[in-house]
Amino acid sequence: MTNPEIRALEPKVLWNKFADLNAVPRPSKKEERVIQFMKDFGNNLNLETIEDEVGNVIIRKPATAGMENRKMVVMQSHLDMVHQKNGDTTFNFDTQGIEMYIDGDWVRANGTTLGADNGLGVATIMAILESDTIEHPAIEALFTIDEETGMTGAMGLKGGILQGDILLNLDTEEDDEIGVGCAGGIDVTATRSYKEEAIGEGKIAYIITVKGLQGGHSGMDIHKGLGNANKLMNRLLYNGFENFGLRISEIDGGSLRNAIPRESFATIVVDKIQQNAFEFEFDALANTIKKEFESLEGSLEIILSQIELPENVLELGVQEGLTKALYAAYNGVYRMSPDIEDLVETSNNIARVLVKGGTIKIGCLTRSSVESSKIDLANALRATFELIGCEVELSGDYPGWAPNMKSPILSVLVDKYKQINNAAPHVAACHAGLECGILGQNYPDMDMISFGPTIKGAHSPDERASISSAQKYWNFVLEILKDVPVK
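Under my numbering, the first residue of the sequence shown is numbered 1, with each subsequent residue one higher.
FYI, nobody ran anything at the bench for these hints, they're computed from the structure.
Do not rely on the hints blindly, as some may be mistaken.
To be verified - Below 30 angstroms or equal to it, Euclidean Cα-Cα: the simulated DSS-like pairs (lysine-lysine) are:
no., residue 1, residue 2
1, LYS29, LYS39
2, LYS418, LYS406
3, LYS472, LYS487
4, LYS71, LYS418
5, LYS39, LYS482
6, LYS39, LYS472
7, LYS85, LYS356
8, LYS211, LYS356
9, LYS416, LYS472
10, LYS195, LYS211
11, LYS158, LYS30
12, LYS361, LYS224
13, LYS203, LYS29
14, LYS361, LYS290
15, LYS203, LYS231
Stated by the list, open to error - Pair by pair, the computed Cβ-Cβ distance ranges are:
no., residue 1, residue 2, range
16, ILE161, GLY389, 42 to 50 angstroms
17, THR191, ALA402, 32 to 40 angstroms
18, MET446, GLN419, 20 to 28 angstroms
19, ASP339, ALA284, 39 to 47 angstroms
20, ASN475, ALA65, 19 to 27 angstroms
21, LYS39, ASP376, 37 to 45 angstroms
22, MET446, LEU45, 21 to 29 angstroms
23, SER305, GLY160, 55 to 63 angstroms
24, LEU45, GLN419, 28 to 36 angstroms
25, ALA65, PRO485, 13 to 21 angstroms
26, LEU285, PRO408, 29 to 37 angstroms
Note that beta-carbon positions come from the ideal geometry of N, C-alpha and C, so glycine has one too.
From just these sequences and the hints, can you work out the full model?
Shown next as structure tokens:
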């Protein structure tokens, strides 16, 4: 295996397992290789290893000597990773392992997502399963699939398979935070067909490029006010249409539902007689947008490049409706929690806009820790897109995880954190989607908690994992396992 500099980091057992894992391609919905990798890992250790009917892998390890009277612990992380890369990065997530490097206190990847979300959690569990020196109760390792694009692994895990009493979800991204709740989510997908119209004479064509945005996690980062490439592109298109009769040929913006879109590209046409005025106005608006975002998005680029004329443009009436609907569609924080300070309750991410070949497709991910508020915002989006003739599907609905402040394992983690760090942890619910809420439907009596090392920029090529935090987190894990409550 490669990555010698990563493998030399402390704790070596954690970083070596992470390097092993990151050598295996594991994009969401294409987890066949990593499933087999994990099954081989368990079988090679002569541990009970099973794959359920949806592809989740479960590995059981008996308690170490003297720990047999403790409750069985389910240690859980997801196998898949978000596959995002910079536009100028050549990389095939289906065939290549992640290329990592060290940057000060951070481990990063070369132009792609790192996979620390949730690879460091997976690596943690692997290291404990392999160890013959770490003290722990009976362990039930649960490696779920497809967390990032639908949580179908957690949804497909049937009741009665797991035997554990306590679940440690290792998917939180701040090392001073203990997660006790999370948001649920629902996909809102709007589609419609349109007629393509011939361009006519006296036209000039351009491609508009919006790039260089930070992107990020559409739950954990939604409150930061970062630029959404789809919304910025629509602002440019709307302005061009209103003032110069701009016509749209194609739009390709964003990618994954759970990633704030960093890039968008649009092929457009205007009357050649308007060329100078259009370019002047475009540059002025582009500079205005960049000034609005200069403190948050210092690398934002908005580029207008002349190209060959395309064959067709979007039907005029449909284009007008589309740009107005995208302007009206809510994006960002919809409501803050009135009960938990600084917690985003409800939000939406306009994640994907694709207009090409007679078909419009708009994809959103709506999140909320309150079920009624989630459906309220989803219905508002549905109504917006139905007004322009779209068919709207609400799918992938998954529940949130309600906090239990009287949780016994929460008390253990809080006490251990204080002992180790001489400070209190931040006990909080988060706006990301964790699998705890889904798993809790079939295992309602399981005591659940979430924690993890510090990871920044998840779901974007800026994803990075803190080296010093990984050491802190690893020590925390070891101490927790020593103090699991008795049966």
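Report task. Please work out if LYS361 and LYS224 have their alpha carbons no farther apart than 30 angstroms. Result -> 26 angstroms, holds
Query raised in the report: Between SER305 and GLY160, does the beta-carbon spacing fit 55 to 63 angstroms?
Result: 58 angstroms, holds
Query raised in the report: Is the straight-line distance between the alpha-carbon of LYS418 and that of LYS406 30 angstroms or less?
Result: Status holds; Cα separation ~18 angstroms.
Query - 30 angstroms limit on alpha-carbon distance, applied to hinted pair LYS203 and LYS231 - result: Holds. LYS203 to LYS231 sits at ~26 angstroms (cutoff 30 angstroms).
Report task. Compare the distance between the alpha carbons of LYS211 and LYS356 with 30 angstroms, and conclude whether the hinted pair is satisfied. Result -> 20 angstroms, holds
**Report entry** Restraint check for LYS416 with LYS472, where alpha carbons must lie at most 30 angstroms apart
**Finding:** 12 angstroms, holds
Query - Proposed proximity, LYS482 with LYS39 (alpha carbon, max 30 angstroms) - result: 27 angstroms, holds
Requested in this report: For the pair supplied as a hint, LYS195 and LYS211, confirm whether the alpha-carbon distance does not exceed 30 angstroms.
Outcome: 29 angstroms, holds
Query raised in the report: Between LYS361 and LYS290, does the CA-CA distance stay at or below 30 angstroms?
Result: 27 angstroms, holds
Query raised in the report: Holds or violated: 42 to 50 angstroms for the Cβ distance of ILE161 and GLY389?
Result: Distance hint for ILE161, GLY389 holds at roughly 45 angstroms.
Requested in this report: Take a quick look at whether LYS472 and LYS487 sit within 30 angstroms of each other, Cα to Cα.
Outcome: 28 angstroms, holds
Requested in this report: Determine whether the Cβ-Cβ distance between LYS39 and ASP376 falls within the hinted range of 37 to 45 angstroms.
Outcome: With Cβ atoms ~43 angstroms apart, the hint holds.
Hints 13, 26, counting from the list given before, are not met by this structure.
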